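Start from chain A and add chain B according to the hints.
2 protein chains.
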Amino acid sequence: MNFPFKETRKKILSGDFSGLFRPVKDTGFIHPSEVAKLFISIPPEKAIEAFKSFQTEQELKVFPYLDVQLQKKLIRSLTKERASYLLNALNSDDRTIFYSSLKGIELSNFLDLLDDKNRSDLHKLLGYPDKSVARIINTEFVTISREMSVGEACSHLRKFHADNDTANVVYVVDNNGRLIDDVPIRRLVLNDAEKKVEDILDGYCTTLKITDSMEDAVEKFKEYDRVVLPVTNDDNILLGVVTIDDVMDVAEQRDTAEIQKFGGIEQLDYPYVKTPFFSLLKKRAGWLIVLFLGEMLTATAMGYFDKEISKAVVLALFVPLIISSGGNSGSQAATLIIRAMALKELSFKDWWYVMRREILSGLSLGVILGAIGFIRISVWQNLHWYNYGEHWLLIAFTIFFSLIGIVMWGTFSGSMIPIILKKLKIDPATSSAPFVATLVDVTGLVIYFNIAAILLKGTLL
Amino acid sequence: MNFPFKETRKKILSGDFSGLFRPVKDTGFIHPSEVAKLFISIPPEKAIEAFKSFQTEQELKVFPYLDVQLQKKLIRSLTKERASYLLNALNSDDRTIFYSSLKGIELSNFLDLLDDKNRSDLHKLLGYPDKSVARIINTEFVTISREMSVGEACSHLRKFHADNDTANVVYVVDNNGRLIDDVPIRRLVLNDAEKKVEDILDGYCTTLKITDSMEDAVEKFKEYDRVVLPVTNDDNILLGVVTIDDVMDVAEQRDTAEIQKFGGIEQLDYPYVKTPFFSLLKKRAGWLIVLFLGEMLTATAMGYFDKEISKAVVLALFVPLIISSGGNSGSQAATLIIRAMALKELSFKDWWYVMRREILSGLSLGVILGAIGFIRISVWQNLHWYNYGEHWLLIAFTIFFSLIGIVMWGTFSGSMIPIILKKLKIDPATSSAPFVATLVDVTGLVIYFNIAAILLKGTLL
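First to last, the protein sequences are chains A and B. Counting in this note's numbering, the first sequence runs from 444 upward without gaps. Counting in this note's numbering, the second sequence runs from 444 upward without gaps.
Because the hints were derived from the structure by calculation, they are not lab data. Given the structure is predicted, the values throughout are model-derived calculations rather than measurements. Warning: the hint list may mix true and false statements.
Since the list can't tell identical chains apart, any single copy or any two copies may satisfy a pair.
Mimicking DSS-like on lysine-lysine, the simulated pairs with C-alpha atoms at most 30 Å apart in a straight line are [said to hold, decoys possible]:
1. Lys663 x Lys574
2. Lys489 x Lys792
3. Lys652 x Lys449
4. Lys750 x Lys900
5. Lys480 x Lys792
6. Lys726 x Lys787
7. Lys665 x Lys489
8. Lys665 x Lys787
9. Lys787 x Lys663
10. Lys602 x Lys567
11. Lys449 x Lys792
12. Lys787 x Lys504
13. Lys652 x Lys868
14. Lys567 x Lys546
15. Lys516 x Lys480
16. Lys866 x Lys480
17. Lys480 x Lys652
18. Lys453 x Lys480
19. Lys725 x Lys754
20. Lys663 x Lys449
Extracted from the complex, chain A is given alone in its bound form:
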C-alpha cells in the first residue's frame, strides 16, 4: 500500500516520470498529496517538467496540494492556454486560496487567465476581509427542493454532481435560493426513495455568514462537530460551503502564528524551511530590535542607581535573578490568558475575575521564590560559600520582599496587558510573552532598588 517515495523520486530526477502514473502494486492510484510531497522535495524545474507530463485531470488533483511558491512557478511555465484551463477548472476554494496569496501586478496578471465568470466571482470574494470565510468558500455545491422525493433528489445528484468532498451534504433551498436546511447525503440513502425530502429534514441547520471570520468558522466546526457548513449572506441566500480541511489549516495557522508571536517573532508566511534567509532575518530582527530598545531602559534605570551599586556591589549580583523571575512569572500569566482568550474561554468581561486570581497567584508564587532566595543567601553566608558582609540578613530580606513585589507585578501585568489589548482590538498574542518580560524587567529594577533603598538605608546605602 505504501508509495515507493524514494524510488520514484530518483526516477523523476533522472527524467523518467513513469512512476507517477503506474498504479501502486496494481491495486490503486497514487494519492495526489503523495505526488505533491514528492514534487516539493525536488528542484522546482524537475517538478515542473514532471507536472507537464500529466493529463489535465491529474494536474487538477495535484495542484492544490503544492505550496504557493511552486504553484506560481508552475503556472508561469505553462502555456497561456493550459494555465488558463487549469486555473479555471480548479475547485473554487482552492482557486481563492491561491489568488489570496498573490499581490499587485502578479495578481492582475494571473487574474487575466480566468474566464469572465470566475474572475468576477473571485473579485467579489477578494473584496471580503482578508480573514473572512469568503477566502475559503467553495462555490460548487448541489441544491435540491423540499418538494422532491428522496429518489428524485438522488437522480438530481447523479445528474449534476461530480464525486468530490462537498457532495457529502446537499442543501435544500426555496425558489429564491434561500437556505432551508442541510441534508447529509447518507440520509438520502437511509430513507425510502418515495419519501418527500421535507419529511427527512431535521429543521436544524448551522450556517456561517460570508462576513464571519475564519476564526469563527473554526469555533463553529468544533462546537457542532460538522465536516462542511453552508455560507449565506444577510438575506440567507446560500452562497457556498466551507469544508473542514480548509478550516483545519486555518486553525493550525492560527496556532503557529500564536506560537511564533509568543517567541517574539513576526508571523512567518511560509514554513521555516521554505522561508528565505533574509526574510526570516527581517521577521526576527524587527521584534528583537524593539525588545532591545525596550531593554535599553534597564541600562538607564540602573544608571540612576549607580551610586547605590558602587556602595553595595552585592546588589548587582542579584539583578539577573530578580528580573528574570518577574519575566518568567509574567510570561506564564500572559501565556495562560492569551491561549484562554484564543480558545474563547475568557473574554474582556472576565478581567476582574482574572485580576483577583492572578494577584493571589503572584503573591503565592512570590512568597515561594522569595523564601528560596532568602534561604539561598542565609545558607551561602553561614556555610561561608560567599560573604555578603555583616548586613547579609538585610540583603536577604531585600531579596525576599523584592521577589514578592516583582512576581506579583509580573503576573498582574502579564495577565492584564493581553486583556486590555484584546479590548482595544489588537491581537493579544502580539503583546507576546517577551514583550511582557521586557516591561517587567525595567519596572522590576525600579521595584528592587527602591526596596533596597528603604531596607538598607543607614547600613549599606
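Using the frame of chain A, we list chain B on its own:
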C-alpha cells in the same frame, strides 16, 4: 435561528426546564452543544437536575459535549440502572474518551456499570498506549462486500445503520474482515443501483494502525483531506474508524500544550477557568522554581566577577540588556525550531542545515544589536546624558562584541537543544523558551565578563 441562551439559562436556574425541549421558533431543535454550553455555565447541581428531566435520547446526545468533571458528577447522581444504560448506549469513541480520563478506584467503579461486551472492548482499548488512536476509535461502522450491487449495499445500510457521522463512509471487507477499500456513501448515490460495488472502488484507501499515535492521525487527516479514516490491526482487520472531530480536538490540545510549555507552565489538564486555584498554582510553581534555581547560577556567576564590578560599576549597568538579548534571540530560535518539528517540517537529520542557518542568523542579528548598543553608548556619552568615563569607547566595544557572542550563542543553543531533545525522545517543547533563556542568561554573563576582562585589562580592570 439563534438559541435564546440567556433566557433559557434564567429559566433553568429558577427550576423551569421547558426551554430545553421546545423547538426554537418551531423550526428546529436545540443542538446538543448549545445545551451543553448552557449546562457548563450554571452550577453543577442545577445542570444535573435539568439533565435528569431529559429523555434517554436527549441525554445521549448532550452527554458527550459536557466536560469531564460534569460528566462524572452526573453519572454519580443517576440511579445505577440509568447510569449503566447511558454509558452502554454512548458511541464507543465518546465512551473511550470518557473512561480514558478516569483513574484507579473511580475507573473500576465506572467500569462495573458497563455490560460485558463494552467492558471487554474498553479494557482492550485502554490497554493501548495513552496517546494511540485506540483512545478515540469508534467501533460502530458498516461493512459491505465487493460482490454486492450498489442497490444491495444501500438496503444493507438502511437495515443496519443509524444516522450518525460515521455513516459518511462504508467499508468493503473480505470474509475474514480484512479491509479492501473505503467508499464514501455519496458514491453509492452517484452510481446506478445495478453496478457492482467492486466496480466503484478506486483502490486507494488510507488507513491508520491501531497503535499509531494520535499525532500521526492528525498528520494523516491533514495530508489526505479526509473526514473519517479506518483503523486496522497488523493483519489489516478493520477494527473501527476515527472521525475528524476527535482529531481536531487532539490537534488543538497539542497546540495548547505546546503554547503552555513555551510559557514555562506544565500542561494544564483543564481550561484555565476550570482549573482549581491550587492545581494551577502547582502547575506554575514547578517550572518557576526550576527556572529560579537555574537563574540562581547567575548570582553565583556574578559573584565570581564582583571585583570587576566594584572596579567598573558601569559593567553592571548593561547586565540586564546583555542577558535579555541572548534570552530573546534564544527563544526566537527555539520557537521556530520546536514548531517546525511539531508540524514535521524539520527532523533530527536536518540538524546541520539548521545549525549553519542559525549561526549565520545569530551573527547577523548580533551585529545589528551590537551596533545599536555601540551607538547608544557613543550618543549618550557625547551628548553628556551619561558619563561612562574616559574609557567609554572600550566599554562600547565590550558591549558590541559581547552582544555578537551572546546572540550567536543564544540562537545556537535555542535551535540545537530542541533537536537534541527530540533525538533523545523528550518532547522538545519541554525545553521551552524560558528554559533556553535561563541557560543563555547564565552562560551569557560568563561571555560578557570575559570579553570585558580582555578588552578592559589595564584600563578599567
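Tested hints:
no. : hint            : result
1   : Lys663 x Lys574 : both (15 Å within a copy, 26 Å between copies)
2   : Lys489 x Lys792 : between (56 Å within a copy, 24 Å between copies)
3   : Lys652 x Lys449 : between (45 Å within a copy, 22 Å between copies)
4   : Lys750 x Lys900 : both (13 Å within a copy, 23 Å between copies)
5   : Lys480 x Lys792 : between (46 Å within a copy, 18 Å between copies)
6   : Lys726 x Lys787 : both (28 Å within a copy, 21 Å between copies)
7   : Lys665 x Lys489 : between (40 Å within a copy, 26 Å between copies)
8   : Lys665 x Lys787 : both (12 Å within a copy, 24 Å between copies)
9   : Lys787 x Lys663 : both (12 Å within a copy, 27 Å between copies)
10  : Lys602 x Lys567 : within (29 Å within a copy, 46 Å between copies)
11  : Lys449 x Lys792 : between (55 Å within a copy, 16 Å between copies)
12  : Lys787 x Lys504 : between (36 Å within a copy, 23 Å between copies)
13  : Lys652 x Lys868 : within (21 Å within a copy, 45 Å between copies)
14  : Lys567 x Lys546 : within (16 Å within a copy, 54 Å between copies)
15  : Lys516 x Lys480 : within (16 Å within a copy, 48 Å between copies)
16  : Lys866 x Lys480 : between (42 Å within a copy, 24 Å between copies)
17  : Lys480 x Lys652 : between (34 Å within a copy, 22 Å between copies)
18  : Lys453 x Lys480 : within (14 Å within a copy, 54 Å between copies)
19  : Lys725 x Lys754 : neither (43 Å within a copy, 39 Å between copies)
20  : Lys663 x Lys449 : between (40 Å within a copy, 19 Å between copies)
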